[in-house]
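Enquirer: Given the coordinates of chain P, work out where chain R should sit on it, guided by the hints.
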Amino acid sequence: MRKEGPMILTVLSALVVLFNNYFFLGQKWGLADPLNNWFQLSWGIALALGFINLTSIHWKYVQRRREGWFYSIVIMVCMYGYLILGLEQTHNGPQFDWIYQNIFTPLMSTIFALVAFFITSAAYRAFRVRTKEATVLLLCALFVMLGRAPIGDAIWGGWSKFVSNWLMGVVNMAGYRGIQLGAAIGGFATALRIMLGLERAHIGGTGTQ
Amino acid sequence: MLMLLAQEAAEQPKPYLGVFSQGSLVDFLVVVILGIFIWVLVSRARTGRKIPEIKKIAGLEAIDEAIGRATEMGRPVTFVPGIMGVDDPMTLAAFGVVSHVSRQCARYDTRFLALECDPLAYAVIEEITRQAYLEEGRPDAFNPDDIRFLSGEQFAYTGAVIDIFEHERPAANIMFGHFYAEAMILAETGSFQGMIQIGGTAETAQLPFFVAACDFALIGEEIYAASAYLSKEPVLYGTVVGQDWMKAIIWVLILAGSIVATVAPKSTFLADLLAK
Chain P
19 MRKEGPMILT VLSALVVLFN NYFFLGQKWG LADPLNNWFQ LSWGIALALG
69 FINLTSIHWK YVQRRREGWF YSIVIMVCMY GYLILGLEQT HNGPQFDWIY
119 QNIFTPLMST IFALVAFFIT SAAYRAFRVR TKEATVLLLC ALFVMLGRAP
169 IGDAIWGGWS KFVSNWLMGV VNMAGYRGIQ LGAAIGGFAT ALRIMLGLER
219 AHIGGTGTQ
Chain R
14 MLMLLAQEAA EQPKPYLGVF SQGSLVDFLV VVILGIFIWV LVSRARTGRK
64 IPEIKKIAGL EAIDEAIGRA TEMGRPVTFV PGIMGVDDPM TLAAFGVVSH
114 VSRQCARYDT RFLALECDPL AYAVIEEITR QAYLEEGRPD AFNPDDIRFL
164 SGEQFAYTGA VIDIFEHERP AANIMFGHFY AEAMILAETG SFQGMIQIGG
214 TAETAQLPFF VAACDFALIG EEIYAASAYL SKEPVLYGTV VGQDWMKAII
264 WVLILAGSIV ATVAPKSTFL ADLLAK
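Chains P and R supply the protein sequences, listed in that same order. Following this note's numbering, the numbering of the first sequence begins with 19 at its first residue and continues without gaps. Following this note's numbering, the numbering of the second sequence begins with 14 at its first residue and continues without gaps.
One chain only, chain R, in its complex shape:
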């Protein structure tokens, strides 16, 4: 019995440095450092000091153009936020874009259709869109039936979106979020329909499909910069610059790793350090 208790005690995970969970120290430091960078840059922006510029993102510049085209053609704009829920950072990033697109559609009196797969994302997007129409002074133009929950199942959702593409004939389709196998089907269907398509995801396996089938594709981290970029707020620009500073630290780590791997191939010092 005592041996069993001792064995169980030995199997219990132990804190690292008495505080941290095993393997989480470096993750925690990344969050802290990124938080400091963001705080520094946000403070600079708030006091009116200069924030470094961020590069132009063609896909985001094209959003207003796509809505303008839909307005001229008198056809709707569709928004597809991927198939994952509100616990996915890509879906959270998509909310900022929904806000911008629905606002523009409200301003130009263009029909806006949002097609959801996750019920929580559906509820959030409905609220974002309603608020956007309200803030643009057009609450009467908001139609709750245009914010649609189609299905919680990946391919049932895909089939429903294809049906809407064919029946509603949107002029522009904006896809931001976390996509899997449905990315290719949706983007190609949109391409066959002749829509202007802007696709963005950080899911690397689906990126080539968006690049091949969409007019504009946002790659990886660009979707996380989207809401800051579209808002044109210096404070939010600052947070994107903070991301770039963090990347600079990671470049240094990659360089150090390459040097260590070349000079001392058997050394596991850096790998062990980062695994803490």
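The shape of chain P in the complex, shown without the other chains:
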């Protein structure tokens, strides 16, 4: 019953969501609404588990004086401090909001900005002319870049834009949509495998029946 219970719940939930999505009555009755609420509730409980996991790991780092243990203290102070502030002020509180806007958001933007450097190093490796495929990739990238930058227009007039648009709109789009179609069917099939109980990895175990 340890596995059958969750399996029955999975199948019932999936049937409710399917009925809600495809059938008029399902939408009219709002059948999936309670499920969405339960999902949010489960998420909140799981977040508490995550909180405990983080605390346990970093507390051990501090106790064992592991390299960089000081940062574990910083994490715990920030985590619990922000939690207490949030509980006291709610998410609209002035200090709570100030910290989010002026500390959290710039920190996130800083890490996001790293993408530019990593793209450069990855592009260098990908575009090195070692094989025929890499040469084609390099030439396509060159034409697309020239089509998107003013220098392309200065060299070839409208041609660079035309070639770039053709590569993006025809060659790239064909591949993109092919992958999307395959992925959509794959997603459907995965959902059906779980719904039919053929795949059980999500309830622990081998991932097979």
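For the record, the hints were derived by calculation from the structure and aren't laboratory data. Fair warning: there could be bad hints in the mix.
[Stated by the list, open to error] Facing chain R, from chain P, some residues (calculated, C-beta under 10 Å):
1) Ala66
2) Leu67
3) Leu72
4) Leu125
5) Phe135
6) Ala144
7) Arg166
All of these numbers come straight from a predicted model, not from anything done at the bench. Backbone N, C-alpha and C define an ideal beta-carbon position, used for all residues, glycine too.
Expert: Frame of chain P; chain R shown alone:
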């Protein structure tokens, strides 16, 4: 007042064919047809009849090799399941891979680190890993601290994963799931560290990054076939073949669409039919 009520009634969505929500009939038919294909192939597999083979997927073949390398080097294997939750099909597909990887790590006594961004995915992956260690007869080797919830925020999570890559120095990194901008940062950091990296996602915008920075990349639908492929179960193989049959139907529709668009460019018959 009556006019307002009439207007409101007119604005209410109406069922299509008296039963279906507007625009959902074709979606529903796709699910039904796919379900029939899967049922047919699963029945064939269960009665021992032959199932068509599926092609070899190099990235999945390389998973055991990567774990073997980590075992030889005495270094951990990391698993990054993307940043989305359990309501995302890519995360669900990643669970099958987690199960296989954690099982192999338990078998070879290799440290397995799973790094989570979504709290529900964290709870599920912890259960999958615990079960895998139990079924391999090594429950004592399971360390709950190695299944880590790092942060629910995308870039805080990214920073934490980079830190773990640098401090724990894993020999192999397996990334399966739904990734966004963090894909490039994580894959490149792993590449700088000299890990064997296997990346898989159906998020088309991030695929080029995995192709450029990982040793093996699984493209689009391949990640959905992963758990069936790794299980080597004929019944699950059958479900992947069912996907291919469905794709054949879509090829026919694309061909029909191309012919209609060429012969009668103004006709919207096929587009209208599929939008029902």
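Enquirer: Now tell me if each hint is right for this structure.
Expert: Evaluated hints:
1. Ala66: P/Ala66 check passes; min Cβ-Cβ to chain R is 8 Å, inside 10 Å.
2. Leu67: With a closest approach of 6 Å, the P/Leu67 hint holds.
3. Leu72: P/Leu72 check passes; min Cβ-Cβ to chain R is 6 Å, inside 10 Å.
4. Leu125: holds (7 Å)
5. Phe135: Constraint on P/Phe135 satisfied, holds at 9 Å.
6. Ala144: holds (4 Å)
7. Arg166: With Cβ-Cβ at 16 Å, over 10 Å, it is violated.
Taken one by one, the earlier hints fail for this structure only at number 7.
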